[in-house]
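> Sequence:
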Amino acid sequence: MIFVSSEDSLNAIMEIIRNTLPPTTDISQIEYEGPEIAVYTKNPKILEDNGNILKNLAKKLRKRIVVRSDPSVRRDKEETANYIRTLVTDESEITKVTFDENMGEVTIEAKKPGLVIGKLGANLRSIRMETLWRPIVVRTPPIDSKTVKIVRHMLKTERGVQKEILLRIGKRIHRPVIFKDTAIKLTALGAFREVGRSCLLVQSNESTVLVDCGLNVGSPTEPFPLFDLPVFDIDSLDAVICTHSHLDHSGMIPYLFKYDYDGPIYSTLPTRHLSTMLQLDYIQITEKEGKICPYKKGDVKDAVLHTIPLQYGEVTDIAPDIKLTLHNSGHILGAALVHLHYGEGAHNLVVTGDFKFQKTRLLESATVNFPRLETLVTEATYGGKKDEIPSRHESEQELVNLINTTLMRGGKMLIPVLAVGRAQEIIIILEEMIAKKRIEAVPVYVDGLISEATAIHTTHPEYLNKELRDRIFHQGNNPFLSPFFTQVDSSNARQDIVEGGPCIILATSGMLQGGPSVQYLRGLSDDPNNTLLFVSYQVEGTLGRRIQKGFRDFSIQDARGRSQAVRMKLDVQTIEGFSGHSSRSQIMSFIRKVKPKPERVLTNHGEAAKCVGLASVIHKRLKIDTRSLVNGETIVLR
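Throughout the sequence shown, residue numbering follows the working numbering, covering 1133 to 1770 in sequence.
Honestly, the hints are just simulated from the structure, not real lab data. Note that beta-carbon positions come from the ideal geometry of N, C-alpha and C, so glycine has one too. One or more hints might be untrue.
27 Å max Cα-Cα, derived DSSO-like pairs, lysine-lysine [unchecked claim]:
#1 K1187 with K1278
#2 K1598 with K1243
#3 K1192 with K1295
#4 K1317 with K1598
#5 K1729 with K1517
#6 K1187 with K1455
#7 K1295 with K1390
#8 K1209 with K1243
#9 K1295 with K1209
#10 K1518 with K1455
Okay, the calculated beta carbon distance ranges per label pair [to be verified]:
#11 R1694 with E1572: 31 to 41 Å
#12 I1767 with K1312: 21 to 31 Å
#13 D1621 with E1147: 20 to 30 Å
#14 K1491 with P1274: 51 to 61 Å
#15 E1631 with T1766: 49 to 59 Å
#16 P1274 with K1727: 34 to 44 Å
Given the sequences, and given the hints that come with them, work out the whole structure.
Right under this line is the structure:
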């Protein structure tokens, strides 16, 4: 067997590029840049004028190619900034122009990025042609986002480091294939016959990838994936793919960098922002509670710098034998179904992560069309026989009724919500219901991470459903900017709310595992006129789950860390219809409609009985080979 290095592979690629592109292109450098090949040229206008040359070259190499100008030919930065501001209409409201000399990119931050881009990208083309800088356009958040600022600052100040990271990643991705016969196996490291610590290990002869790496927030004894299994070797990892930002899927990713993982994280852009927010908050809460956090802020920063954001539908090489494509899952902003294509069609694996097979107020329904599919891994959160979720219309009407009933008796409505997903869904509904006078215009308080998460939503409106996008872009009516909502950011303000009149409170955490929602619960629990309303899934072991089961006496830590006994007298209600998870019937409908039909289905992310029961009904009704794995179990896919 002849082994070829990544350098030899790059040399072969360089030879093809130099022989294909016109000599007048004047290529100065060719190098790996993560999954792409970067071509630096002193005459990029040649390629700009002949777009088909690059298309044909990319097709020939079966690689993604990005063209960058040689530093020696780029226009002066001040002149470039002035040119951009002169070219682009003032209505775009450009807020910042920054330059990355390492990548030859100019980042233009604007409140209306579409006007910066221009019709059919005309302005971007003009900027490239006239300045020889590669323009990147990003949105200025309509609501100020601390997280977006932090992430953008990290990327700006560590451009050189990130370029080195991408070079190392590129060498690993583009190494030659050694084994022609692809054998593939999947190992369950977490969230099989349980909810929490989602983690799948997928190995072939050539590569090793993790799909998700999460925490179990409800389990103090088994909070982490099974990293101690002999099959897991962090040094062999080619990539980590994050389906979405919730901590049970992203919460342990920084931990990998603590133990010297140096590979890429693949996710959507919203997931990078949202997971960073939740991970930093997890560190803060853990330290505040006097517990030991498994990683530090520096590990979160490493995760940000190693993240390669992908758009839905963008096919990307992540290993010599794997092409990755992310598709909309309908769960939360930026959440993705993961499609892994092995070899030359050797095997195709889809991991749903958490998904919603129904259009919601916030998002489009999950994608069902894939080029190829042999194995499907589906969540089973609501996969039980009795897990039928009410319609959105019924759920919204029930919400209106519960709020009105609570307000009429002079009470307060506390809705614990996950910062990402359910919070924004409820905000949109409440905004409409108050505007239409279906509920009284009482104060609606928003506490915890909700405002920060909502700000990130306003940064990425292109990921929202069509109606909401049209409302924001074309009607100029952004429900997230409504004056009906008041942000709360202090303990004193919370106490004033508890002692004040009727109101609605949205607060994190959604499962009452710390955060301001617990402080509100402590203050409101003694009044039977108040209502505690659950609108999201409560993981086994959390305080929220215990309350749902009927527990009314428990202890909560006060602001000084002292244990305080609480006896609840307030009304407790649950509305399942706002869940971002699919019901059993929706899961079955998804599997019936997914194309092509899978040969095998594996169930995960559900309590044991639900995973087993869902697997059984899929096999009986759809005649598909189905399994419900347990944590630590390995299955051969090919």
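> Which numbered hints does this structure break?
Per hint list: 1, 4, 10, 13, 14 violated.
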